[in-house]
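Asks: Here the protein sequences line up with chains A and B, keeping their order.
Each residue of the first sequence is one higher than the last, beginning at 148 in the numbering used here.
Each residue of the second sequence is one higher than the last, beginning at 148 in the numbering used here.
Incorrect hints may appear among the rest.
The list makes no distinction among identical chains, and a pair is therefore deemed to hold if it is satisfied within one copy or across any two copies.
[Claimed, not checked] In silico SDA-like links for lysine to any residue, alpha-carbon gap of 25 Å or less:
#, residue 1, residue 2
1, Lys186, Glu372
2, Lys186, Arg586
3, Lys256, Gly393
4, Lys446, His230
5, Lys547, Leu622
Derived from the structure by calculation, the hints contain no laboratory data.
2 protein chains.
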Amino acid sequence: MSTARQDQLRARRMGIDTYHEPVAFMRENCAVCRAEGFKAMARVRIAHDERSIIATLNVVRGQSLAPSEIGLSEAAWHALGSHSGDLVSVSHPEPVESFSSVRSKIYGKPFDAAALHDVVRDITAGRYSSIEIAAFVTACAGNHMTLEETVALTRAMVDSGTRLAWQQNPVMDKHCVGGLPGNRTTPILVAIAAACGLTIPKTSSRAITSPAGTADTMAVLAPVELTLQHIRRVVDSEGGCVVWGGSIALSPADDRLIQVERPLEIDSSGQLTASVLSKKLAAGSTHLLIDMPVGATAKVRSAAAADVLQHSLEAAGAALGLQTRVVRTDGTQPVGRGIGPVLEAIDVLAVLRNGAGAPPDLRQRALLLAGHLLELGGKAAAGDGIALARKTLDSGAAWKKFEAICIAQGGLRKPRRAPHRRPVVAPCAGIVGSIDNRRLARTAKLAGAPLSPAAGVELCVRLGQRVEADAPVYLIHAEAPGELDYAAAYAAAHPEIVSVKEPS
Amino acid sequence: MSTARQDQLRARRMGIDTYHEPVAFMRENCAVCRAEGFKAMARVRIAHDERSIIATLNVVRGQSLAPSEIGLSEAAWHALGSHSGDLVSVSHPEPVESFSSVRSKIYGKPFDAAALHDVVRDITAGRYSSIEIAAFVTACAGNHMTLEETVALTRAMVDSGTRLAWQQNPVMDKHCVGGLPGNRTTPILVAIAAACGLTIPKTSSRAITSPAGTADTMAVLAPVELTLQHIRRVVDSEGGCVVWGGSIALSPADDRLIQVERPLEIDSSGQLTASVLSKKLAAGSTHLLIDMPVGATAKVRSAAAADVLQHSLEAAGAALGLQTRVVRTDGTQPVGRGIGPVLEAIDVLAVLRNGAGAPPDLRQRALLLAGHLLELGGKAAAGDGIALARKTLDSGAAWKKFEAICIAQGGLRKPRRAPHRRPVVAPCAGIVGSIDNRRLARTAKLAGAPLSPAAGVELCVRLGQRVEADAPVYLIHAEAPGELDYAAAYAAAHPEIVSVKEPS
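Using the sequences plus the hints, can you model the full thing?
Replies: And the structure:
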């Protein structure tokens, strides 16, 4: 081993996951800590060969680390690319230049495009700490972003990662603003659109805080972790796909921003617009349909909030050359019966196969959105889209296309139901008055979704429906008895998840 | 040992210092992580007996923790008060209610007093994550705080901790806005004021990012970590003291806010005002003199910034019943010769003893500020304060008082100089054109200050002074040869720290 200089320490992988935030661990009595005057939570620059990262310092008091060592969290370890025992040098980082424009923004000075480019580049490179990102997010929130700023932020985010290009044109895409459990229309839309001759290379995400993302549900039915080459083959032969987008770095700055925005729950139409549009532009899309559920426990909670967001999405989309259409939908209750990967996949299959048990609301919503998609892509005249969508679904053409896509992605799979179920029952006879989307999603997660794909919630009632006392309002599904108990305890503590009003 | 419920884990102290942010470490395959769907960086509630804390989750992959264990950082360990192996229960925290008023503020709605009270209470209780505090700080920055908000924030911060009460009246206090190395007037001011019959129970801080705080410098001369009872005895007998305030929880929310504000370097006159005034009000002061150095590399960089801050401090002080006087001073170069605890203590002693080598600038500044303090406390008419201060210093009365205070605090000590010194020399003959306060402070810290009290920098020149080529412009002092080399290398890399211009 080479000899350490005074600013050098030996790298050690700590096996500690701090998500996107690189963390370094150093002994308080180590020479570098003493000489540089580093204290806990200081930002430190760590360099090895040609690479350098900035990490947040945690100071270790115990014997778990030697004074000559520096421990690295998973994010820091991967970003630095060093090996165990490598000598790395540690120093004070230069201040992040681009943060001065964030400070100016706080004082009311708008960002220009170059400033946003530099901010996003530095965020992507891991130069911003979480509190610096929080300051950026806060400065942009409260509708403090102009359209010009939103457009420039979107462009900067597209530039921060991979950008796909397609031979085909138009390239259709779809997004749901979210917050509605079970609203799994994407696989149905892709099948209908592709069956009608549109190109729709759909990249989807896995769940972050919800019981299932589209990629989680689709993974029940077919492989979704495809190489870019494989994705291109599927799209060239079938016109569409439903794959996980995480293996392609589309708008990577977005992931880091979301990590900070989500816990703050700061609604920022500018940043939400940039987040959505940057992913779609990076995916090479030309036309975008946005499903925007509006409801008290959905992500968009009021018509006024919907107005602001819709205008931001459409105006920025137009400025960026992405034809964007927003469709507002009912966000007062879940869509379909299942919440959780397998249960949602079963609903999707039932609609595609025109099964007797297909949830009518999921079918209706999928047809409505598919109709808009067909019109947006030029396959139907205005007002005629929904009829073409219905024909494509009812004829079996959509199902045939879906089967072909699944096979092209690696094979159609059969969903396997969970072994453990327990009903939650109505406390009295009456009418279903409200459904809490957020707490119902929580129940599904406590039951194990999405890590246990068959876990989740199966809803037995709809708003306004009459129920008898002790009739099940929903079933909890779990893969393990412990998880079933856990979710059931939460459900019992929250009888308002599905509220039943006695008729007056 | 008792049996663990499904939501319980055994507490383990990790010996990891994450400063004020409580962090919990859990294995990714532990039952609670799985059941609750916790991911890295999630906020988790940890309860034991009657106490509960909220911590940020780091997920551990290795074998350093068992799946049945939860590791706690130092801040989490102390806040929870559990013992090794205790069963603690882990759950999702309820959303922090008071953060909704921060969200409203981001949208432009001013805080009311009750909202700020709740925000500060929750910050003090550790319920806010660092990114939530960053959002609060950002929402308040950019001069977005009204005077009413600033006053309410100050009151809330006072209420968050201990509040001292004194029999004496008036109770004088002094604060320096900071950023000027060596500006160690406080011990001199306290001695002069107390010698003239004023009550001045001065609580000071240790250095956080500077090479020395007043408490670090005073600790060279006398014990500063006193109990409250001991402080009262000193003040009753001598009229003044200079002690470390850290053992009394004065405005504890302030420490948490500063931890986030400092790295962001967001200038917020409202929060700076609340920070300064809350500490003084909590200390029981009735009259406050503020030294505000203005200069390009000081904390307040321009006359315009000084105007805003001065107005905020004086108006809020008036509203809170704290008589506040701001004195603007030269912030273009350090004060005195020494930077670092021992070197500053030597300067302070020289001024108090009227020694031949006393730095004239430190003496002048101390007299100016002491004069204002005597006028503010009613011991001298307007304009007569400086003459009384000079008389008190020149007569030896101030030195006698200082000796008595040191003895009452536990004994006067003799500073011990560092064994290793190295000069930094002028590259050419010429005039000293500028001095970089920040980088000079950095050099002193790299030499080991304040942990090594004798380490630091001894300045040999003043702005505008003529120097010969190779004449020393400053000396680096260190307690160890390695630290001397380290600081010298930094000094060599930054010849602009003291710039010498050849005469034209």
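Asks: Does each hint hold? Answer for all of them.
Replies: Going down the list of hints, with the structure as the test:
1. Lys186 <-> Glu372: Result: close only across copies, 21 Å inter versus 42 Å intra.
2. Lys186 <-> Arg586: between (41 Å within a copy, 18 Å between copies)
3. Lys256 <-> Gly393: neither (35 Å within a copy, 38 Å between copies)
4. Lys446 <-> His230: neither (43 Å within a copy, 42 Å between copies)
5. Lys547 <-> Leu622: neither (31 Å within a copy, 83 Å between copies)
Consistency note: the structure conflicts with the earlier hints numbered 3, 4, 5.
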